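K.L.:
Chains as they are written, first to last, in this note's numbering: chain G, 1 to 94; chain A, 1 to 523.
Bear in mind the hints are in silico, worked out from the structure with no lab data behind them.
Fair warning: this is a prediction, and the values are worked out from it, not measured in the lab.
Do not take every clue at face value.
Unchecked claim - Result set (DSS-like, lysine-lysine): computed pairs, CA atoms no more than 25 Å apart in a straight line:
{"#": "1", "chain 1": "A", "residue 1": "K315", "chain 2": "A", "residue 2": "K470"}
{"#": "2", "chain 1": "A", "residue 1": "K162", "chain 2": "A", "residue 2": "K406"}
{"#": "3", "chain 1": "A", "residue 1": "K278", "chain 2": "G", "residue 2": "K89"}
{"#": "4", "chain 1": "A", "residue 1": "K406", "chain 2": "G", "residue 2": "K89"}
{"#": "5", "chain 1": "A", "residue 1": "K242", "chain 2": "A", "residue 2": "K162"}
{"#": "6", "chain 1": "A", "residue 1": "K315", "chain 2": "A", "residue 2": "K242"}
As the list claims (entries may be wrong) - Simulated DEER-style distance windows between Cβ atoms:
{"#": "7", "chain 1": "G", "residue 1": "A28", "chain 2": "A", "residue 2": "Q408", "range": "32 to 40 Å"}
{"#": "8", "chain 1": "A", "residue 1": "F208", "chain 2": "G", "residue 2": "G32", "range": "40 to 48 Å"}
{"#": "9", "chain 1": "G", "residue 1": "L43", "chain 2": "A", "residue 2": "T472", "range": "31 to 39 Å"}
{"#": "10", "chain 1": "A", "residue 1": "S168", "chain 2": "G", "residue 2": "H80", "range": "29 to 37 Å"}
{"#": "11", "chain 1": "G", "residue 1": "L36", "chain 2": "A", "residue 2": "A380", "range": "30 to 38 Å"}
{"#": "12", "chain 1": "G", "residue 1": "H80", "chain 2": "A", "residue 2": "L498", "range": "30 to 38 Å"}
{"#": "13", "chain 1": "A", "residue 1": "T57", "chain 2": "G", "residue 2": "L20", "range": "31 to 39 Å"}
{"#": "14", "chain 1": "A", "residue 1": "H512", "chain 2": "G", "residue 2": "E91", "range": "18 to 26 Å"}
Using N, Cα and C, we set each Cβ at its ideal position, and we do this for glycine too.
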Amino acid sequence: MADAHDPLRVLAAARWRIALTLTAVMIAVYFGFIALIAYDRELLSVRLAQGLTLGIVLGALVIVVSWLLTYIYVRWANAHYDEQLAALKSEGEG
Amino acid sequence: MIILASQASTLAPSRIGQPNAVAMAFFVVFIAITLGITYWAARKTRTTEHFYAAGRTISPGQNGFALAGDYMSAASFLGIAGLVSTTGFDGLIYSTGWLVGWPVVLFLIAEPLRNLGKYTFADVVALRLRQAPVRVASAIGTLATVILYLIAQMVGAGGLIKLMFGLSYETAIVIVGVAMIAYVLFGGMLATTWVQIVKAALLLGGAFLLAVLVLARFGMNPAALFAAASTKYGAAVLNPGKLVSNPLDAISLGMALMFGTAGLPHILMRFYTVPDAKAARTSVFYATGLIGFFYLLTFVLGFGAMVLVGPDAIKGVDKGGNMAAPLLAEHLGGTPFLGFIAAVAFATILAVVAGLTLSGAAALSHDLWVSVVRKGMASAGEQLRVARIATVVLGVIAVVLGITFKGQNVAFMVSLAFAIAASGNFPALLLSIFWRRLTTAGAVSSMLFGTIATLVLIYLSPTIQVDILKHTTAWFPLKNPALLTIPLSFVIGITVSLLQSAAPQEEGMSAHDRRMHLGEVGD
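The following block holds chain G by itself, in its conformation from the complex (with noise of 0.2 Å):
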């Protein structure tokens, strides 16, 4: 098992690119919000509509983010990493 194609570790490669990959993500949108609190307060404080700030909606949008990367992350797992997975278990018992 030890080339370059064994099919658990290309699998195994696939995973730790998207997690990282969303880690990233979600690093970026909130550190970008904690950023733009610290450094553009005039943006964040631009009113959207009657009683809504940029900020407000932003920081909404922080939970909403959160909330699509890990249905993301989750419909993936499910609908590919589980499935490759149980073939190269059943391949390994067989």
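Given chain G's structure and the hints, the job is docking chain A onto it.
P.N.:
Frame of chain G, contents of chain A only:
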């Protein structure tokens, strides 16, 4: 940061602080139900696998609620609602900060942890390394996190109960201590899990009902609520305010919250209660949904309290603003609803301290006693006995510390606990999962540095030097050291490992990596 510990005055014409029959009734019902659960769980708790991991029988949905229950503390419920009610927008910084760690837990930690470990996160770090030093270092990180978190919760509980039920501080602490020890001692993880589930359902239900009652006054439109707040208290309440006066402070606190979640021992321990890695994954997905929803609700509650109760009335009852949500409940639903929310807040604290105590007991018994003192040779009966002794010891410590810190400002201890989890526990855990060249010395130095540096820098920070000791300046500029300590813990773990010039690993996947994905057969 967010807190429960400020003093009350008796000026407001509220029923808060007077014995409240409805609150008492709800609370007695909660205690009765949870002790019933404990009795049922006790009959099933016969082995360490049951005691620490509920026999790995918890479903993803149940664990999602239990994770949310472990995480949504009274500090975040009362504290964020209070902060929003008195400062407006700035509270949102916390609402988002408390959630964004969860996707990170899902992507990087939950599944490998479930496949590689047994009861504690130290199982994973120690897997390929020398047991004794790694277990000792991670137990230090775990206990530091757990004890600081416990102090904050206990002191908050004492103050809260005094404020809401009129009981004495000490009586309140002892009630919390006794109930919490009973859950954990007799019912182990199974009882603790169900206490979290009941509490999470009550807290979410209570917050949701309260938010609906608020929004009903504003045509079910949050924007109309915010507009009313801005008409009444000025447009500034919808803009970023003075909470973030130093950008680096905001980023540092954000890092502690984001990565601390992935290093909280009582949260990590929950992933062992489900049957497999897929269930661990699904449970974080549910938890993220529930917790995000909860923090959106607290934002609405905060603005509701600002408009309907008013910041002055809120600060009149408690300077820290912590009574915003209970006062809002009283305004909307009278004494019965106040009683219900008060009982929910109490139940919340009780559940969180139970989870913390169990994870601390696991570090003492599973990591220190069984793995280090007895070198893995303890019998099953001895392991369970030691786990129970450790539970009582930690429970008593929690009560004693709760009483010792009476009247102290311990609000900073929650963010300190997150900073230690983020700097002491998280880097070593992540490296042990990801990086095959991590050595024993690397892991141990990363964990010890993270924990000790965080403690020392907090002591030297404005949080202690200026806010508590009343000095005019502090040696270290940041209120929370995570910005510095998290990267340094990684650098130290990696550098020390590389200096030992470990033999390059063989090509291909190690047994460790295979197990991380496939799980262990028969586990």
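K.L.:
Is 40 to 48 Å a correct range for the gap between the Cβ atoms of F208/A and G32/G?
P.N.:
violated (30 Å)
K.L.:
Given the hinted pair K278/A and K89/G, is their Cα-Cα distance within 25 Å?
P.N.:
holds (15 Å)
K.L.:
Given a hinted range of 29 to 37 Å, is it respected by the beta-carbon distance of S168/A and H80/G?
P.N.:
violated (58 Å)
K.L.:
Verify the proposed pairing of K315/A with K242/A, using a straight-line Cα cut of 25 Å.
P.N.:
OK: K315/A and K242/A at ~18 Å, within 25 Å.
K.L.:
Does K89/G lie within 25 Å of K406/A when you go C-alpha to C-alpha?
P.N.:
violated (56 Å)
K.L.:
When you check the alpha-carbon spacing of K315/A and K470/A, does it fall within 25 Å?
P.N.:
holds (23 Å)
K.L.:
The hint says 31 to 39 Å between T57/A and L20/G; measuring C-beta to C-beta, is that right?
P.N.:
Roughly 32 Å apart at Cβ, these two residues keep to the hinted range, so it holds.
K.L.:
Take a look at whether the Cβ-Cβ distance between H80/G and L498/A falls inside 30 to 38 Å.
P.N.:
Since the Cβ atoms of H80/G and L498/A sit about 35 Å apart, the hinted range of 30 to 38 Å holds.
K.L.:
If I claimed the Cβ atoms of H512/A and E91/G lie 18 to 26 Å apart, would that claim hold in this structure?
P.N.:
holds (21 Å)
K.L.:
Evaluate the given range 30 to 38 Å for the C-beta pair formed by L36/G and A380/A.
P.N.:
Violated: the Cβ-Cβ distance is about 55 Å, outside 30 to 38 Å.
K.L.:
Taking 25 Å as the top limit, are the C-alpha atoms of K242/A and K162/A close enough?
P.N.:
The hint is violated at about 31 Å.
K.L.:
Is the hinted range of 31 to 39 Å satisfied by the C-beta distance from L43/G to T472/A?
P.N.:
Given about 34 Å between the Cβ atoms, the range holds.
The structure fails hints 4, 5, 8, 10, 11 (numbered hints given earlier, in ascending order).
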